[in-house]
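**Q** Sequence:
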Amino acid sequence: MGPWRSRGTSPLFFALLLTLKALRGKFGAQAGISSAADGRFDRIRWENGREVLTGVYGEWVEKPDPPGEATKTEPNYPKMPRLHNNHVVKRSAEAAEGVSNYRTEYRRVGEDGKGPYPRQSEPHLDTSTFALSGDSAHNQAMVHWSGHNSSVILILTKLYDFNLGAVTESSLWRSSDYGSTYTKLNDKVGSRTVLSYLYVCPTNKQKIMMLSDPEVESAVLISSDEGASFEKHPISFNILSLLFHPAQENWILAYSHDSKLYSSMDFGKKWQLVHDNVMLGRFYWAATGLDREPDVVHIETRISKGRAQYVKCRAQRCTEANRQYLFPGYVDTNSLVVQDEYVFTQVTKSGRASYYVSYMREPFKRMQLPKYCLPKDMHIISTDEKQVFAAVQEWNQNHTYSLYISDSPGVYFTLSLENLRTTRGPTGNLLVDFYKVEGINGMYLANKLVDHHVKTFITYNKGQTWALLPAPATDVAGNNIHCVTPFCSLHLHLEMSENPYTSGPITSKKSVPGIIVATGNIGTELSSANLGMFITSDAGNSWRQIFDEEHNIWFLDNGGALLAVLQAPTPIRHLWISLDEGKKWDRHTFSLAPLYVDGVLMESESDNHIITFFGHFSHRSEWQLMKIDYKGLFSRRCMDGDYQTWFLHNKGEMCVMGEKQTYMKRRPGNRCMLAQDYSRIYSSEPCQCTTYDFECDYGWERRTDGKCSPAFWFNPNSVAKSCSTGQSFLNSTGYRKVLSNNCKESGRNVYSPRRQACRPRPPRGLRLTTGGSGGGELSARVGSNVTFMIHLEEGDSLRTSIQLDFGDGIRITYSNLSRADDGIKHIYRATGIYRVTASAENSQGSDSCTLFLHITSPVERVYLSAPVMAVRGKETNLTAVVWPSHIRTLTFFWWIANSSEPIITLEGSISYTFQKKGTNKVTVQVASGSTVMQDSRVLTVKEFFRSLLLSFSPALDEHNPDIPEWREDIGRVVQTTLSQVSGVPANQLLVSLYPGLPTTAELFILPNVLTPEEQNELQTISDVFVNILNQDLVQFELKANTRITVYITQQTLAPLVDSNILHSGSAMLVLLSVVFVGLAAFFIYKFKRKIPWIHVETEDSQEKEPEVISTVSQNDNMSKVKLSEFPSEKEFMEKELEARKRGTMGRNMERIVTREYPNCTNV
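Residues 2 to 1164 in the working numbering are what the sequence shown lists, from first letter to last.
SDA-like mimics (lysine to any residue), calculated; alpha carbons at most 20 Å apart, straight line: (1) K917 - S901; (2) K261 - Q273; (3) K350 - G330; (4) K377 - R367; (5) K270 - Q317; (6) K233 - D188; (7) K511 - E386; (8) K511 - D581; (9) K185 - D214.
With beta-carbon atoms standing in for the labels, derived distance ranges: (10) R782 - N732: 42 to 48 Å; (11) R193 - N786: 54 to 60 Å; (12) S785 - N732: 37 to 43 Å.
Everything labelled a hint here was simulated from the structure, so no lab data went into it.
Built from N, CA and C at the ideal position, the CB exists for glycine as well.
All chains should be built: construct the whole structure from the sequences, respecting the hints.
**A** Put into structure tokens, the structure is as follows:
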């Protein structure tokens, strides 16, 4: 978004890229909310294949390639077109003198006239030429004229090497006599210094900043005397763009290549980081009278892809503690625009964009477009006169936009013009054909698509009515033109000038109200063929053709004269000047040899009457600077008798924008110089208001008879929520006065809002949202502050009580809605889905609404609990344990084996029956919002198996890092050792270690794949392992001098006592132990299917029940575990999660000893 005008620009600085002070038609825009410009420098924007230094301070111009040479692509400094245009239809012959008074008259004067030297009384130009010797190889140049009425001109030229992709040479030239002579300043800036860019302070033109090329060194060169001397200061970053403060001459913001924003308060001598991750072009200085401190910076910072935050802080104190986040929530990237009294931003949710505005730095409000506009994109065109012009692409538009106009706060918008013509620039930026005419209040031009034809329309009342432009009666040669509206009319190109050294296709000036000069054509639609130049002297009521070829045209002498230069692909030596609003044109020779004109530099509002042409004679020659003094065109200064008055009108209607206006201008043909401060407006008189002095209010639409009536979706009888019984309110009549319109209403006040008494009404249209202005979020983090907003469309808000039930057992009641205007905040302490209900009630009735709020917390860890072995055809319990725990706010995706579709559940456990023997991988994914985490396990499925619990020498615990990889390696070693000792093939064994301490494992004995054994044969193998393990025959070497013995685990409810030291009660203890073990076995069998981590399965109902093998070791030193010390399922999962979290922590940390043993199972 952005205004047409630039911030802090200088009329003397003609190296500006885009003259933004007059809505030059096509405005550049980014995705989402976008702005035309904001007066910053940004040298990475590309237009028409070249790099542009955006903002108000300069642009590079390049020499063209010599004929026959291939054009090479330059990544950083692509070619800029010269003033010429390769698509110009040449005039067949020059117009002769003595044409009739309705034709444009062309004359040769001065050296083109009767003799070689003009008489002093004749209009003439004084010219001089200066060549920048030694810089013929330089292919880029920037020309800058210094401050107001200053005689200093600076030129920076450089050589860009296309093969190296870098700048290798540069030269800085300075003139102190308006361009008559130049001095090379390379020695002052450093003979080895390569300069890349030149900037000038907009509030003090004597201060100049130069940037060195970052490929050589990163430094700034500062001058306080218009370039007479420089100081060099190194910097630690590469500057990409600059933004000067609009009032403080020493304050600068600099944007770096790595998206960091820096500030300097001493004109670049010292820099301080403001913020990182700043979006390009989305930073703004404070506005005087709006922000409390002048050093406030408004910033858009990138948070993640597509998400950003609006940050406000002070330039030198932008720490986290000093930052303000004025918009509640995230915004879309590239959407922040701070302009005049307004701050705009955009939020996209569920594919639909919502736009927000802050007026006078007040809280944000949602911008209200007509209900079924459903915007896809928005581009702010203007915020002048405390009103917003916006180009909006509606849901059913693809290549066009509609023009909407707001009220003063920028909240409520009404339609002004449909189907504006738009195009996309080289970088995808939006270009809108819309132009504000300078000097005439409420006058605009726009190109509209009508039945697949683009036509130009004009308005005199700020968009209330639009009309086609009348075509000239004759062409430039005096031939009659038969063109009758609406079948035929004049169409104009409204583009912004892409070259700062050209005038662009359309121009007007505040100091010359009523005069517009533009490129266009006559016919049924806008075309790029048969173009000519057209002028109006009466604010668009009538037009004349002045050239049948494209020219660049500038205003001279404070708008009293016109300069025209032909756009041509060949060198030229003539220019044209008119002193009578384009009726007569005098041709002057500005160069003895034809010159390729690369640009024109001038100060149209200065008293020096100097123009500078720059270009080159040939493709290999030096840059030529031609100083042209046009003071000789005038004989004296204008007096009172040299002026005449004219009346502004709209096709004969004298009341324009609510008043009759009379303007002054110089009598055409008078060769006198205009005074810079003479008043253009002679008189004004207010008129009686009419329908078209008002625009339709929000919710109302203009009908064919000109009256405003309610749209089908709008209820004009609805009362604002602030209206209470016994009070009154202003009810709209459907009209709101056009801003800046000065009409006066009669005594009836037909159009102004009418005061009405409030009537008792029941509450209707109660709505409940979250998140303040950025409302609509249906989820929040546990422990965060959730803001609930209650909206009531109808009802007595002061006498309506509001109750809000948060759904967690807490409810709050307000006596009236006004107490909840700032929102109701609440903090949820637990995850879950909460039903939040709002109720409104008064004496007339009640209303309620509900939303369901998801309170979540980030998923930190996921652990999949699954058995190592499973029996084919039998249910197996799979459990996903999530930390921290959630209650029905997660989605679980179970990927089992080679399934193409997951099993989706809201619970963290399922029972699954494996039908295929072999190895099966199970993966569970847990989704929490946009976060997805997963864990996997590999299960071996068999018809039957046997298992034994194993323990190890205590020395193994000292080397147990408690991570999965270590457990897998130890299990593989134990498996190999058991196979070697017993002779059982390794593919029949599976050893799985369990997490935690002491180290334990489970040995699974599997049937032979080639010769499947019966279950009793597996029992025989199991007995063999019991004997081997009881004899301490299974050992392996962990490291040098460290051997580990593998034992079979003893399970008992009482401590096992060595038989050698048993006392007389030992028999009773053994008996009790047998009884308790039996009870434990029965318990496990009875509830085996309810304990997910107990892997007890039966083959089928005909098989015998599983047995629990409990062997008593004869070794006193073996690890013994009580059954009572077995952990619960939750404890087991938490230990595993904790073990995963610890990972490879150092062994010096305090160890938590746990005793975790799943049951020993035989199937």
